[in-house]
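All chains should be built: construct the whole structure from the sequences, respecting the hints.
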Amino acid sequence: MQYFFILGRNPELSLAELNAVLPLGWKPITVSRAVLIAECDVLQANVLMHRLGGVIKMGEIILQPRESVAPAALSKVAPFIFNEIIRAAPKDKKIFFGLSAYALSEKTRLPSLHQVRELGLDIKRLLQEQQYKARFVTAKDATLSSVIVKKEKLLNQGAEVVLLYSDNDIIIGRTVAVQEFEEASVRDFGRPVREMSVGMLPIQLAKIMVNLARAPLSATLLDPFCGFGTVLAEARLMGYQNLIGSDVEQDMVNATHKNLAWLQGHARRFSVSRESENRFIRLLTAPVEELSKHLSPHSVDVIVTEPYLGPTREIQNSKFKIQNLVELYIKAFREFAKILKSGGWVVFIFPVFRHGRAQIKTSDAVLPKIKNLGFTPIQLLPQQFSSSYFLRPTYSITYSRPNQRVLREIFVLQLGPKD
1 MQYFFILGRN PELSLAELNA VLPLGWKPIT VSRAVLIAEC DVLQANVLMH RLGGVIKMGE
61 IILQPRESVA PAALSKVAPF IFNEIIRAAP KDKKIFFGLS AYALSEKTRL PSLHQVRELG
121 LDIKRLLQEQ QYKARFVTAK DATLSSVIVK KEKLLNQGAE VVLLYSDNDI IIGRTVAVQE
181 FEEASVRDFG RPVREMSVGM LPIQLAKIMV NLARAPLSAT LLDPFCGFGT VLAEARLMGY
241 QNLIGSDVEQ DMVNATHKNL AWLQGHARRF SVSRESENRF IRLLTAPVEE LSKHLSPHSV
301 DVIVTEPYLG PTREIQNSKF KIQNLVELYI KAFREFAKIL KSGGWVVFIF PVFRHGRAQI
361 KTSDAVLPKI KNLGFTPIQL LPQQFSSSYF LRPTYSITYS RPNQRVLREI FVLQLGPKD
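Mapped onto our numbering, the consecutive letters of the sequence shown carry residue numbers 1 to 419.
These aren't lab readings, by the way, just hints derived from the structure by calculation. None of these values were measured; they are calculated from a predicted model. Beta carbons are placed, not taken as given, at the ideal position from N, Cα and C, and that holds for glycine. Careful, some of the hints might be misleading.
Between beta-carbon pairs, the in silico distance windows are [unchecked claim]:
(1) Y395 <-> N83: 44 to 54 Å
(2) D141 <-> P202: 16 to 26 Å
(3) P90 <-> I360: 51 to 61 Å
(4) P23 <-> Q383: 54 to 64 Å
(5) K321 <-> S185: 26 to 36 Å
(6) S299 <-> V193: 41 to 51 Å
(7) Q157 <-> F280: 34 to 44 Å
(8) P297 <-> P216: 18 to 28 Å
(9) K369 <-> Q404: 39 to 49 Å
(10) Q379 <-> K133: 44 to 54 Å
Laid out in structure tokens, this is it:
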């Protein structure tokens, strides 16, 4: 079956996550900065979207015209979309529908907002001619946000139809699930302990990192810089039960405990398993350099963490601070090598500091040292993506927001035999 996935604002990271999560045997059909079309076994869309952090929408491909449909000839697809809408809509209720247009290549010219709205009005007229009450949902541009799709009832009382444009024709899909924006917002802003001034890992990025670890739900997952417990909370929601968190600061361990207890108290809202209780979570206060004093040798399957990232404002005259970070990370990986099982994976963020036009990557100083400990970077994007115009084989992906001074460089590393 063919599905489409609308990618987040960091498409490389979204694709790396999908590559880690989609079932074996999946095959990319088309990929652009906005969309992945893939062929794979039947998916449980709501379950998958509950897990994913880097995908905005997903849906099913419902029409690939046998004859090429020029993007300018939008009216030709109105009857197909009309049939799909009445097939998906509940009987005897008002139908809500909307349209979104996405490009399948960098050079593709998308239709104007006026053209998309004209198509929507054509479809509405067809519905009214068949005695359906219909509302055509629009936005300020030619794509509907996941918020609009959910709040305007397009998933359960109509349809969002997605128009996927190439240079020569149009592929049509229907959205079946969107990103869980409301729940994520509550988990972020509603938890009892949060503090932006010390830097917080975004919830969606935490989900992506857990997914990049590719660990079975029975695995023991460790976050040795647990902070406010974001990684542990998102892993818990995915169904992981054997979790360990540690931090050098007792205040951070206390914050993690409070936030995880709050999450368990809202188990029904966030779909936390009643079997997933705090007895499966071990929290300890310890510097990362002393983890092996608290954890048994080779007892951890995967490590997923954002460490202390150092100065967040000015880095002038801070070479010494950056060197301190490098030394901290090397010490951390020495401990990881003692407690991680052979073949285990580490998902780790290295800070990248902007300094004028230059960038200072801490990974450049750390990777050669930890290679001697047996850690090897894993390629994040599969070879079948290499033909895409914007993707290249890579061992790291940088995550940032506009005007950030400190960027996050994400690596996945595997522990093998030491050199």
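Find the hints from earlier in the document that the structure breaks and name them by number, from lowest to highest. The structure conflicts with hints 4, 6, 9, although it agrees with all the remaining ones.
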